[in-house]
Amino acid sequence: MHANHICITKAMPLPSGDFVKINVDGGWIGDTLKGGVGVVIRNTGGQFVRGLAGPIFCNSALAAEAYSAIKGLALSANLGFRDVIVETDSKLLINGINGDFRNKVWSIMLLEALHRICDSMHDVGWSWVHRDLNRAAHEAAMIGVRAMELESWVSRPPLSLVQVLVSDGLPCPP
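Following the UniProt record's numbering, the numbering of the sequence shown begins with 1 at its first residue and continues without gaps.
Quick caveat, the hints were computed from the structure, so don't treat them as lab data. Where is the CB? At the ideal position from N, CA and C, for every residue including glycine.
Label-pair ranges, simulated between beta-carbon atoms:
id	residue 1	residue 2	range
1	S160	G99	32 to 40 angstroms
2	L33	Q163	26 to 34 angstroms
3	A74	L33	16 to 24 angstroms
Using the sequences and the accompanying hints, generate a full structural model.
As structure tokens, this is what we get:
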């Protein structure tokens, strides 16, 4: 997998050049096996490029996090972005990407899917951020948990997500 750099930092700086930053988060309601994925893609200026949220069925919070990364990378690839930085608040996801499988919740199928999509990209960097710095993706994941189907936002995210983006001090579509 092209996990060229793993940064355990407060926040990854805005990407430079042709990179985009993908914030991902998964939500999970254990007793129902219902979850949600949330993805927010920003350009080098920190501006909202695209986002999505959607429901999933999964057997763990880690699976929800992995599905969100898969969805985020797939969306990025579909948009033609091949150089990306993925930010997540899941240390377990970062550990699994780095080959640490001590947490037995990992699904080989999810790891293989992550490997395949990363191998199709040019450069994929992974960064762990504190939950407070991943609020936009978290809000998108909560929208995903409540959603009936996949929602994708091209130019204008939902108001609840706009409010988070604005409170982060980042540019957001009007």
